[in-house]
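Undergrad: Chain residues, written in single-letter form:
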Amino acid sequence: MANFQFRTDPLSGLKIEKSSENLIKWNVIAALATLAVGGLMALLVALTRWPSVHLLGATNYYRFLTLHGIDALLAWIIFFEVALVHFTSTVLLGTRSYVPWLGWLAFALMLIGGGVINVIVLLGGADVMFTSYVPLKADPIYYLGVILFAVGALLGFIIFFINVTLSKRDGGYKRSLPLGSFGMAAGSIIAVLTLAHGAAIFIPTLLWALNIIGYVDPAAYRLVFWGLGHPSQQINVSAMVAVWYMTAAFVVGSKPVNEKLSRTAFVLYILFINVASEHHLLVDPVLSTWHKIVNTSYMMHLAVLASMIHAFAIPASIEVALRRQGFTRGLFEWLKKAPWGNPAFSGIAISILLFGFLGGITGVIFGTEQFNIIRHNTWAITGHFHGTVVAGTTIAFMGFTYLLIPYIFKREIIWKGFATIQPYLYGVGVATLSIGMMSAGQFGVPRRHYDITFSGAPFSFTFDPAIDMFMSMMGVGGVLAAIGGVLYILISFGSIIFGKKIGD
Amino acid sequence: MAIYEPERMWWNPLSKDERIWVGVALIWMLVSFIFMPIYHVVGSQNPPSETYKVTAEDFDKLVEGMVAKYKVGEENGFPVVHPNPSEPIYVRASMWQWYPVLELEKGKTYRLHLSSMDIQHGFSILPINMNFMALPGYDYVLKLTPTTTGEFHIVCNEYCGIGHHTMVGKMYVK
Ligand code: HEM
Ligand SMILES: [Cu+2]
Ligand SMILES: [Cu+2]
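So the protein sequences, as listed, match chains A and B.
Under this note's numbering, residues 591 to 1094 are what the first sequence spells out, in order.
Under this note's numbering, residues 841 to 1014 are what the second sequence spells out, in order.
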């Protein structure tokens, strides 16, 4: 019988075991590193699409855009989510990591896969965007990298189920998981379904790139790829909502107002998202009209209902907690007295607000059959998902980092003043970027496009001059967000390395 | 708390506020839920779904057939075609051009066949901003009735390689 090293964190009261602590640390570090690369690519790409700057050449623009999609959407988000898997399946339950070796195997596969993708993209072997729509072909090594990363991620999410199953035996919980873990359970279930789609599409595509099989149907590719691509956004939403609940609990001591309601909402995510992933295909050939209507509209609204529930439950629980602390004057004293200077709290507040109003509403609109005709592949789509996965998920994860650093890394946050403004700066930047993109997209400005003045084209189209303002707005927002992103990376790495040690 | 196990009985009924919120959200969702299919029936602009399988060679023959029969001029090296509204019309996507330049008549209804010779392209008609996918191996049929005269451009809005941003075509409505 091995000896497990537990410690009790003095700030949060969490019981933390050494091997799960290390797993969380390294997954967070990898997430930070990939966000740093992805963010640098983002800045270069944004400065290229800002017409008065137009920084990069065409080749580098497409190459760096591919890498931005991969490093930001795939690597940063999933590394952080695997850290959350370890956190919610061990630390939150006060039990140990039962399969640390599997955790390290998953981590190694993701690291190698991510490294391989980065290298092959930078070498110019995969200028295909992260969607790699066939028959646009990348070097086989690219697909291999994606498969390695995805297998690692799959193992990472499977660890959740192993840990919570065995934790019960050791008294980690008696009947029900804490809500934070329950949210990650929803995320992990969706992740396993999603990554199965990933295998179903990337393995044949690898074989095709190796000339072992002759043909991958482009329409089928799109269908299965988005079976991976869209539900994985619902992993992000589940993880983000779990972070909202946990942060509110850690920072203001709030308690879910109604566990039944919040848990039901997570179950709605699991049930409906896999059958609501085809709004990417609304203006594709092949699929029938009723298929499109049922899949994208009917099921989507039930997942949206779930988000509406969380949007009520979390602010309500924060209000209840703050009122209990004595901020009871008038309707809004609690809101005024909330800890706005705490970046973990402001992080989730900004995340909730922007996710709902920027990402959520535009998602529902653009996912409608008829509206999609006037939005598909325009920049409005890019604006929409910078409202969800950046202004929502990324800012929530950034906020949670300010809790993980003291709890898990046992370090104080450095540069407290900068840390206080970081979520606001990043939030304002991303909101400006996203609104700029959506507005330009309304005039038909395409996404993934190097030159909207079309020099060198046989015919030239001139956009409505109004887009100049929106393109510049995107550029200014992008620069602000990049500054906020750099601050986040510097503060996090700085605190991990130089922060004052807590506890010893 | 979200970070602790809930108490034994957490399956509690909803409070009044919660019931109102969920009720309003549910009604809103139901309205959107019903409206989209209704609009599909009463509205005049819906994404089409009529599709046929086609090889690049066969599609190319159809395009060239139309061009040979109805060519009325040339612009920047592209044939300008004024097809008969009662016959099918074709737009061919390839790296990196939209071929040919079509000249359509206002108020006539056309069946526009769209396909790609090589990889995936995005068919974006500007400035009216309507967008559809052009996939290789598939013939996507758009039923289209031009309602305004003038000059339109077709811009590719699906990444299709290094020349993607030079893939611009043209269309006239007379
Ligand atoms: C400093 C913050 C960021 C800035 C300034 C930024 C900016 C941009 C810009 C300008 C584009 C290019 C759109 C185009 O040319 O079509 C883009 C695309 C994209 N961004 Fe970001 N971004 C940021 C952060 C993020 C983060 C954190 C994520 C993911 C979590 C993300 C995910 C994506 C994705 C998936 C694309 C689409 C790539 C594609 O079309 O293939 N971005 N971003
Ligand atoms: Cu193209
Ligand atoms: Cu293109």
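A few of these clues could be false.
As the list claims (entries may be wrong) - In the DSBU-like style, the derived pairs of lysine-lysine whose C-alpha atoms are separated by at most 35 Å in a straight line are:
(1) A:K927 <-> A:K605
(2) B:K911 <-> B:K856
(3) A:K764 <-> B:K893
(4) B:K856 <-> A:K727
(5) A:K727 <-> B:K948
(6) A:K926 <-> A:K1090
Stated by the list, open to error - If the Cβ cut is set under 10 Å, some of the chain B residues that face chain A in the computed set are:
(7) S889
(8) Y910
(9) S956
(10) P986
Calculated directly from the structure, the hints in this document are not laboratory data.
Since this is a predicted model, take the numbers as computed values, not measurements.
Just so you know, even glycine gets a beta-carbon here, dropped at the ideal spot from N, CA and C.
Undergrad: Each hint needs a verdict: does it hold in this structure or not?
TA: Hint check results:
1. A:K927 <-> A:K605: holds (30 Å)
2. B:K911 <-> B:K856: At roughly 70 Å apart (the allowed maximum being 35 Å), B:K856 and B:K911 break the hint.
3. A:K764 <-> B:K893: violated (57 Å)
4. B:K856 <-> A:K727: violated (56 Å)
5. A:K727 <-> B:K948: At roughly 40 Å apart (the allowed maximum being 35 Å), B:K948 and A:K727 break the hint.
6. A:K926 <-> A:K1090: Given that 35 Å is the threshold and the Cα spacing comes to 31 Å, the pair holds.
7. S889: Where the cut-off is 10 Å and the nearest Cβ of chain A is about 5 Å from B:S889, the hint holds.
8. Y910: The hint is violated - B:Y910 has no Cβ within 10 Å of chain A, the shortest such distance being about 20 Å.
9. S956: Given a least distance of 9 Å, the restraint on B:S956 holds.
10. P986: violated (16 Å)
Violated hints for the displayed structure, listed by number in ascending order: 2, 3, 4, 5, 8 and 10.
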